[in-house]
Amino acid sequence: MEDFSAISVFVRVVEAKSFSAAATHLEMTPSGVSRAISRLEESLGARLFFRSTRSLRLTDDGSAFYSRCKEILSDLTEATEALGYAKTKPAGKLRVAASSAVGRAALIPNLAEFEMRFPDIRLELTMCDYPFDLNEEGFDCAIRMGELADSSLIARKIGHFSNVLCASPSYLARHGTPSSIEDLKTHRTVNFVHPSTGKPYQWQFDSPGGRVSVDVDAHMLINDGESVIQAAIAGLGIIQAPHCLAACALQKGLLEIIMTDTISTGSNLWIVYPQKRHLSARVQAFIEWTSELFQRTSDPQCRLVEQQQAALEAARKKKPAPAAIAAVA
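Residues in the sequence shown are numbered from 48 upward in steps of one, following our numbering.
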């Protein structure tokens, strides 16, 4: 059975919930749609619909067949797009998920560039800080930070964020500037608490002596990354944040990096997407663009952090040391 046109008609009828609506979309006559369905049922030897003058319902066979047909047609579309990716402009709707902080601080300020490069892609960006299933929610891909949970998703590393300790000039003028991890105990701190687990973020540092993990007894906990940045700008305390989120405030002088000799351990940035035999041109285009975006080091502060981390890594290789655990009261 090779009647793909009839299969396309069948899928459209199911989605439109009527022969007439499907006929309008396909620019066919209702009788033409009916004949295509009858031809398909005869070829399959199975009834696909319960028909009456007032309703149209799938049979059990029809429901099972629809699930497979929709997947096959989707694969066929993506295979066609992938084959012609180098020759055609990617087009159509692209559903992307990202955390609120990454979306607002890193993606949105650069989306004008993405639209200029791919004007025919209609981006639907959802910002969510809770775990969700990409397949069930119908997302094409998602941007995630840190350790990834085991899943059936394909993950591609697109960057690395170094964390920096920051505070506002007004806070530092009132309370002074700490010069060591021990000094942090005498300062006010603002920390991020993960919205889905309720667990505060554990601050981490790299130094020639090894990695140090710090449980911060913060004066304020906030479950939104960008709001943590704003709290620091307001002079409420010292924060640790990915440099990409703090970059704008640093460039404007609203925040200052402190303790630059103790570089904070960063997180990997990933783009994840469902396993498919063929990746659509839209997803390919977005992966390539985000890879370029997050690998840039044009910001002076970001470049400083990267250089310092490289130096610390070289120092650790020469003199390895066991991990230390500390706590900030």
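Since the hints were derived computationally from the structure, they do not count as laboratory data. Hints should not be assumed to be uniformly reliable.
To be verified - Distance condition first, Cα-Cα at most 20 Å in a straight line; then the derived EDC-like pairs of lysine to aspartate or glutamate: (1) Lys140 <-> Glu88; (2) Lys246 <-> Asp176; (3) Lys232 <-> Asp271; (4) Lys140 <-> Asp180; (5) Lys140 <-> Asp262; (6) Lys246 <-> Asp262; (7) Lys136 <-> Asp187; (8) Lys64 <-> Glu118; (9) Lys140 <-> Asp187; (10) Lys140 <-> Asp107; (11) Lys246 <-> Asp230.
Do the hints match the structure? See the list:
1. Lys140 <-> Glu88: Since the Cα atoms of Lys140 and Glu88 sit roughly 32 Å apart, the hinted pair is violated (cutoff 20 Å).
2. Lys246 <-> Asp176: holds, 13 Å
3. Lys232 <-> Asp271: Answer violated: Lys232 to Asp271 is near 24 Å, above 20 Å.
4. Lys140 <-> Asp180: Between Lys140 and Asp180 the Cα gap is close to 19 Å, so the pair holds against 20 Å.
5. Lys140 <-> Asp262: violated, 43 Å
6. Lys246 <-> Asp262: holds, 11 Å
7. Lys136 <-> Asp187: holds, 18 Å
8. Lys64 <-> Glu118: Holds, because 19 Å separates the two Cα atoms, which is no more than 20 Å.
9. Lys140 <-> Asp187: Holds, because 9 Å separates the two Cα atoms, which is no more than 20 Å.
10. Lys140 <-> Asp107: Between Lys140 and Asp107 the Cα gap is close to 31 Å, so the pair fails against 20 Å, i.e. violated.
11. Lys246 <-> Asp230: violated, 24 Å
Hint check: violations occur at hints 1, 3, 5, 10 and 11; the rest are consistent with the structure.
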